[in-house]
Amino acid sequence: MNNKSIFISVAAFIAVIFIAAVAMYQSQQPSTVANELLPALERENVPTKGGKNAKVTIVEFFDPACGTCSQFYPLVNNLVKKYQGKVKVEMRYAPLHQGSEDVVKMLEAAHMQGQFWPAAELLFANQQRWVEHHVSNPDNALAGIKTLSLDHERLAQDWQSDKVAKIIARDIRDGQTLKVRATPQFFVNGKPLIVFGYQELLDLVEAEVAAAY
Amino acid sequence: MTKQHPLPMTDNRCWYLTFIAWVFATCGTLISLFFSEIVQLPVCVLCWYQRIALYPLVLILPLGLFPFDIKVIRYVSPLVILGWFAALFHVLVAAGLVPESAQPCVQGIPCSETHFNLFGFLNIPVMSLLTFTFIAALLYFTKKVFSQSTTKA
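Chains as they are written, first to last, in the working numbering: chain A, 1383 to 1595; chain B, -7 to 145.
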């Protein structure tokens, strides 16, 4: 065997091993969240939109400072509208950006007054006013929320309360349990969106709706 | 064309040593890509510095293999040396010997966190350091064998 054929056969051997390893790993990946992790996915009293008795639940881990989350916001709304009553979306906090933890606390405080969605919509729509170079500025975010008609005294107390801090800490912990490393991260009826993209999310939701109804 | 160096038989030892260095670089590249792209482990800043030093070897070393060219060792040595030091630093960070404040990875992914452990000590930074050490040793021996064989001839 000359040098050239040694090189080619070893290179081919390495390539085959690599492809086999990738195929093996992917075939072993569970397509649903493991049962013992499900409690981390299903929490009560989280901000929800869509049919109360919907059989398809989208859980979205999001950061209000995340640009992709804000682009996905109307798309997810469309999904809920398209499958009226059949699909609901639950929002979970994943404050991955610097400074976002305080901002999601404000959102949770707004949620306690039943105003999560107007507050989230406002923050998404005005991201450039309170997010600079991927760093959240909670003061500017609060200035935006103040334009909503809320009980602002109560909101100011609530967002710094232990109760809200505990909920945010729980969501962050759940995100770590479910290996949420980027936002938005979607789970549809416990199935993680493995390949990220709107079409992929649409397909997953469609498949779950078809299976449930 | 004049035959400048009629290659003596010992020269194929040089070829094999460089070739094995290439195998190490290629396996390291594919293993690191496997962990980041397939298993989707987060990649910290220090890992990226080591990747910058490792990945080019996969392409540059074969250029020195066909035909065998001892100069390739000179060309890849800066990469190997820088990669080795980055890996050493990363091992120290992961082992907790370098304080948190001294490491450059503040945002997002801490370098001190290790996700993978084989036999209790073989985490990814250690594997990287071993890989760079093997590559450096193999290239050093290539050079040594080469200069021995040329002075004899």
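By construction, these hints were calculated from the structure, which means they are not laboratory data.
You may find that some hints are simply not true.
[What the hints assert, rightly or not] Derived DMTMM-like pairs (lysine to aspartate or glutamate); straight-line CA-CA distance at most 20 Å:
| id | chain 1 | residue 1 | chain 2 | residue 2 |
| --- | --- | --- | --- | --- |
| 1 | A | K1470 | A | D1544 |
| 2 | A | K1561 | B | D61 |
| 3 | A | K1386 | B | E29 |
| 4 | A | K1386 | B | D61 |
[To be verified] Now the in silico label distances, taken between C-beta atoms and shown as ranges:
| id | chain 1 | residue 1 | chain 2 | residue 2 | range |
| --- | --- | --- | --- | --- | --- |
| 5 | B | P34 | A | R1536 | 34 to 40 Å |
| 6 | A | Q1410 | B | T125 | 41 to 47 Å |
| 7 | A | E1424 | B | Y67 | 40 to 46 Å |
| 8 | A | Q1410 | B | K63 | 42 to 48 Å |
| 9 | B | L122 | A | R1536 | 39 to 45 Å |
| 10 | B | Y67 | A | N1385 | 16 to 22 Å |
| 11 | B | L122 | A | S1391 | 31 to 37 Å |
| 12 | A | Q1408 | B | L74 | 41 to 47 Å |
| 13 | A | D1521 | B | P34 | 29 to 35 Å |
| 14 | A | A1394 | B | V31 | 22 to 28 Å |
| 15 | A | A1416 | B | R66 | 50 to 56 Å |
Predicted model, so just to flag it, every value in this text is computed and none were measured.
Cβ coordinates follow ideal geometry from the N, Cα and C atoms, glycine included.
For the pair we were handed, K1561(A) and D61(B), check the Cα-Cα distance against 20 Å.
47 Å, violated
Does the Cβ pair Q1410(A), T125(B) satisfy 41 to 47 Å?
The hint (41 to 47 Å, Cβ to Cβ) is violated, given that Q1410(A) and T125(B) are roughly 32 Å apart.
Status of the given 34 to 40 Å range, CB of R1536(A) versus CB of P34(B):
39 Å, holds
Status of the given 41 to 47 Å range, CB of L74(B) versus CB of Q1408(A):
34 Å, violated
Is the hinted range of 29 to 35 Å satisfied by the C-beta distance from D1521(A) to P34(B)?
30 Å, holds
Need the status of pair K1386(A), E29(B): alpha-carbon distance at most 20 Å?
At roughly 30 Å apart (the allowed maximum being 20 Å), E29(B) and K1386(A) break the hint.
The hint says 22 to 28 Å between A1394(A) and V31(B); measuring C-beta to C-beta, is that right?
This hint holds: roughly 24 Å between Cβ atoms.
At the C-beta level, are L122(B) and S1391(A) separated by a distance inside 31 to 37 Å?
With a Cβ separation near 25 Å, L122(B) and S1391(A) fall outside 31 to 37 Å, so the hint is violated.
Taking 39 to 45 Å as the hint, is the beta-carbon distance of L122(B) and R1536(A) inside that range?
59 Å, violated
Starting from the hint 40 to 46 Å, judge whether the C-beta atoms of E1424(A) and Y67(B) obey it.
57 Å, violated
For a C-alpha distance cap of 20 Å, please report whether K1470(A) and D1544(A) respect it.
29 Å, violated
Quick check: does the Cβ-Cβ distance between Q1410(A) and K63(B) fall within 42 to 48 Å?
45 Å, holds
Comparing the model with each numbered hint stated earlier shows that hints 1, 2, 3, 6, 7, 9, 11 and 12 do not hold.
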